[in-house]
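Protein sequences, first through last, are from chains L and Y. Residue numbers for the first sequence, in this note's numbering: 1 to 389. Residue numbers for the second sequence, in this note's numbering: 1 to 419.
Hints are computed from structural coordinates only; laboratory data are not their basis. Hints may contain errors.
[What the hints assert, rightly or not] Some chain L residues near chain Y, calculated using beta-carbon distances under 7 Å:
hint: 1; residue: P239
hint: 2; residue: G323
hint: 3; residue: S326
None of these values were measured; they are calculated from a predicted model. Ideal Cβ positions, reconstructed from N, Cα and C, are used throughout, including at glycine.
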Amino acid sequence: MRKILVLVLACVLAGAPALFAQSTSKAGFDVYTDKNSPNNHFIPSGWMGDSGDLRMNDQCAETPAAGSSCVKVIYNPKKSAGQGWAGIYWQSAQNNWGDKNTGFDLSDFNKLVFKAKGAKGGEVIAKVKIGGITNKPDGTIAAYPDTVNAEFGPIQLTSEWQDFSLNLAGKDLKYINGGVALVFDSNQVKGEQTVYLDDVRFVNDPALKAEAVSTPMPFYVYADTRSLDNHFIPSGWMPNTASQDIKMDTTSKEKPQSGDTCIRVEYKNASGTRWAGIYWQQPANNWGNVPKAGYNLTGATKLTFWARGEKGGETVNEFKMGGISSGEFVDSDTAGIGPVRLTTEWTKYEIDLTGKDLSYIIGGFCLSTNIDVNDPEGVVFYVDEIKYE
Amino acid sequence: MKIWRKMRKYKAMHKMLWGFLVGFSLCCGNALAASGAKIERLKSGGFSLKVDGKPFLVKGVSYNPAPIGAGYDYDLFSDPAKPWLVDGPLMRDAGINCIRVYSAGKNVEDVRAFVRQMYEKFGIYTIFTDWLGLWDPSGPNYADQKWRNALKQNMLKIVRALRDEPGILMWCLGNENNYSFSAKTVYWSSPDIDKMSSEQAKQWERAKIYYSFVNDLAKSIKKIDKRHLVGMGNGETGYLDIAAKYCADVDVLALIMYRGPNFGILFDNSRRSFDKPIILSEFGCDSFDAYNKIEAPDQQSVIVMNQWKDIYRNTVFGSGNIKGKIPVCLGGVLFEWTDEWWKHNESFQPDWIVHNTEAGWAEGAYYFDSRAEAGLNINEEWFGIVAIEPDQTNGVNIRVPRKAYYAIKEYFASLNNAS
Numbered sequence: 001m002r003k004i005l006v007l008v009l010a011c012v013l014a015g016a017p018a019l020f021a022q023s024t025s026k027a028g029f030d031v032y033t034d035k036n037s038p039n040n041h042f043i044p045s046g047w048m049g050d051s052g053d054l055r056m057n058d059q060c061a062e063t064p065a066a067g068s069s070c071v072k073v074i075y076n077p078k079k080s081a082g083q084g085w086a087g088i089y090w091q092s093a094q095n096n097w098g099d100k101n102t103g104f105d106l107s108d109f110n111k112l113v114f115k116a117k118g119a120k121g122g123e124v125i126a127k128v129k130i131g132g133i134t135n136k137p138d139g140t141i142a143a144y145p146d147t148v149n150a151e152f153g154p155i156q157l158t159s160e161w162q163d164f165s166l167n168l169a170g171k172d173l174k175y176i177n178g179g180v181a182l183v184f185d186s187n188q189v190k191g192e193q194t195v196y197l198d199d200v201r202f203v204n205d206p207a208l209k210a211e212a213v214s215t216p217m218p219f220y221v222y223a224d225t226r227s228l229d230n231h232f233i234p235s236g237w238m239p240n241t242a243s244q245d246i247k248m249d250t251t252s253k254e255k256p257q258s259g260d261t262c263i264r265v266e267y268k269n270a271s272g273t274r275w276a277g278i279y280w281q282q283p284a285n286n287w288g289n290v291p292k293a294g295y296n297l298t299g300a301t302k303l304t305f306w307a308r309g310e311k312g313g314e315t316v317n318e319f320k321m322g323g324i325s326s327g328e329f330v331d332s333d334t335a336g337i338g339p340v341r342l343t344t345e346w347t348k349y350e351i352d353l354t355g356k357d358l359s360y361i362i363g364g365f366c367l368s369t370n371i372d373v374n375d376p377e378g379v380v381f382y383v384d385e386i387k388y389e
Numbered sequence: 001m002k003i004w005r006k007m008r009k010y011k012a013m014h015k016m017l018w019g020f021l022v023g024f025s026l027c028c029g030n031a032l033a034a035s036g037a038k039i040e041r042l043k044s045g046g047f048s049l050k051v052d053g054k055p056f057l058v059k060g061v062s063y064n065p066a067p068i069g070a071g072y073d074y075d076l077f078s079d080p081a082k083p084w085l086v087d088g089p090l091m092r093d094a095g096i097n098c099i100r101v102y103s104a105g106k107n108v109e110d111v112r113a114f115v116r117q118m119y120e121k122f123g124i125y126t127i128f129t130d131w132l133g134l135w136d137p138s139g140p141n142y143a144d145q146k147w148r149n150a151l152k153q154n155m156l157k158i159v160r161a162l163r164d165e166p167g168i169l170m171w172c173l174g175n176e177n178n179y180s181f182s183a184k185t186v187y188w189s190s191p192d193i194d195k196m197s198s199e200q201a202k203q204w205e206r207a208k209i210y211y212s213f214v215n216d217l218a219k220s221i222k223k224i225d226k227r228h229l230v231g232m233g234n235g236e237t238g239y240l241d242i243a244a245k246y247c248a249d250v251d252v253l254a255l256i257m258y259r260g261p262n263f264g265i266l267f268d269n270s271r272r273s274f275d276k277p278i279i280l281s282e283f284g285c286d287s288f289d290a291y292n293k294i295e296a297p298d299q300q301s302v303i304v305m306n307q308w309k310d311i312y313r314n315t316v317f318g319s320g321n322i323k324g325k326i327p328v329c330l331g332g333v334l335f336e337w338t339d340e341w342w343k344h345n346e347s348f349q350p351d352w353i354v355h356n357t358e359a360g361w362a363e364g365a366y367y368f369d370s371r372a373e374a375g376l377n378i379n380e381e382w383f384g385i386v387a388i389e390p391d392q393t394n395g396v397n398i399r400v401p402r403k404a405y406y407a408i409k410e411y412f413a414s415l416n417n418a419s
């Protein structure tokens with residue numbers, strides 16, 4: 001009888017990780033050291049965006065940083081699903097997008113460390129994320145959301161293995177399903193690139209302090225198309241018909257104000273809706289339904305940008321920041337200017353942020369206009385150097 | 001003796017006449033003081049409205065209570081059922097202090113009686129708006145001097161008739177007339193405009209013509225009426241930069257805005273275009289969910305309350321604790337008091353007795369039903385904060401206040417402002 005009880009208990013304990021979030025040892029919590037390492041946790045099953053642009057081999061034997069293998073990821077920015085980005089999540093269980101309670105309690109740790117290199121040097125990982133699986137595809141909160149949504153990057157690699165560490169001190173790591181994610185952005189790469197990853201683990205550093213919440217200025221929304229300093233994504237097209245009315249090129253080389261490129265916006269009332277606009281959001285398509293998103297831009301006193309019209313006289317109804325207000329996790333404030341009548345010369349504009357609550361900004365920049373204040377045939381205008389200062 | 005008696009009689013008559021004159025002037029003096037409205041410029045650069053010397057927050061509703069079966073030509077003031085006698089108490093109980101009407105109907109004397117009754121019985125002011133010919137059957141033509149003169153004379157006639165009514169709060173010239181510059185609503189032009197090289201130039205020229213006319217009208221009104229403010233209706237903020245150049249004599253921007261739960265950057269940014277105080281002269285939310293195809297009084301209430309709170313924190317009453325906030329708003333006129341059952345199919349009379357649930361246009365900021373087919377989510381026949389029912393009492397459709405009515409009532413009761 002006693003033997004049966006011990007056997008049952010052993011089976012229960014073996015099955016426990018599938019039943020509830022586990023506590024872990026304080027030595028370190030491996031995500032990946034070698035293929036098939038018994039200490040590995042999380043599974044690279046969460047493919048996102050232009051997933052067809054990615055190939056991954058997690059038993060690559062090409063000069064691993066340590067042990068017998070490393071992770072090799074090849075990103076070819078073909079935009080196979082039209083997204084312009086691609087990523088992989090290491091998830092606590094196969095394809096767990098927050099609907100299963102299989103996450104881990106990583107409260108004992110405060111740092112993610114890993115080694116990375118590029119095949120040639122210069123490769124860019126747009127983001128390394130920890131947590132962030134919080135919403136279902138329809139935008140509602142997942143049944144078992146991650147308690148943290150931290151991201152770092154972009155990271156530019158060399159051809160040599162380098163150590164990276166990401167400070168998670170002070171963050172809530174009580175339930176982590178999305179252990180690590182790598183995200184690549186087609187705007188930041190010049191063609192196919194290969195990156196390698198090894199020795200990815202969560203550790204505890206007793207001397208590590210939580211980073212003070214302050215964002216260094218200037219904080220760019222857009223510097224140049226491939227700038228690693230860019231933040232927010234121009235994903236918020238308004239209203240539903242905007243894609244019929246707006247053509248936007250963020251790689252325009254038509255007399256940029258500075259650098260190599262600027263943003264060209266062409267607006268016509270093709271749909272008959274008579275107005276259209278675009279929000280730069282963080283993350284993409286965040287209309288206020290993603291928790292722990294956006295940026296804390298406290299300290300910025302103004303948002304500046306340059307703009308010009310193709311012919312002169314083009315009217316942009318509003319240039320603004322913030323103001324996404326319809327969800328549960330909305331912008332903390334809004335400010336803007338407009339209507340603005342453009343000239344053919346680049347002109348610098350400022351949005352005063354004095355006194356504004358910038359602690360949670362998901363709508364980093366927005367422009368909108370309508371046909372009733374413009375040439376009925378449509379207008380073309382340009383924007384460049386959008387930054388918080 | 002006879003002479004002395006005549007002198008006594010004369011003195012008595014003199015006293016009576018003097019007493020009458022004094023009494024009359026006091027009465028008129030009070031009437032004159034009762035409707036004096038003034039804009040004060042604050043040190044911060046913002047604005048405050050004073051009525052009879054007291055701070056005043058405009059807590060208004062648009063009022064066109066067309067009964068079921070009536071249409072675009074409904075003339076409120078000549079309605080024998082006098083629905084305002086039913087609506088006035090409800091408005092007063094909710095703390096509403098003014099209504100907005102859009103024309104003088106068929107007889108300005110009926111308007112006078114209406115304004116007087118609303119004020120004397122319920123303490124409710126009237127913002128009198130004139131469409132300035134926008135919906136004339138033959139179409140507007142602001143470029144035509146004769147046409148403008150006729151409009152002007154008509155407006156001045158109305159002002160002369162109503163200026164001494166203590167219940168008049170202010171005049172409002174036009175509504176969304178600026179949408180005609182691009183022919184969004186109606187088209188007007190002139191040979192000189194037609195010769196212009198670009199469509200953009202034509203639109204700007206129409207704007208200059210129209211706003212110049214509005215300013216001329218404002219100046220003319222102020223010559224014959226020194227007690228009332230003159231506002232200018234404008235759809236959204238379009239062309240306000242041009243209006244700023246031509247409408248210096250306008251006192252208030254009466255803006256019509258349907259931007260969902262709040263007004264975005266409007267209040268913090270408006271002075272950059274046109275440095276005048278703002279009244280939101282139309283705003284609101286319909287009470288029908290076009291996506292789920294059900295009534296949505298809860299959603300209407302949530303959005304209307306958000307709108308009101310945004311308005312209030314941008315007035316002198318609500319901005320004090322908000323760092324850096326410059327109050328430019330004088331209050332708002334919610335669209336609207338009751339549902340109008342004719343609006344979805346304006347030209348088809350048989351439909352005026354149907355409470356249509358089809359949406360007529362799209363505004364995604366009203367997020368609760370923005371996923372409706374083709375994005376069409378605005379139901380024109382459902383904007384009332386008071387529903388109406390086919391059954392009548394004394395010729396007036398039964399009123400059923402919606403949740404938004406009660407929410408506004410509670411909110412206004414909680415505000416610490418005068419009036």
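**Message:** Flag every earlier hint the structure violates by its number, smallest first.
**Reply:** none
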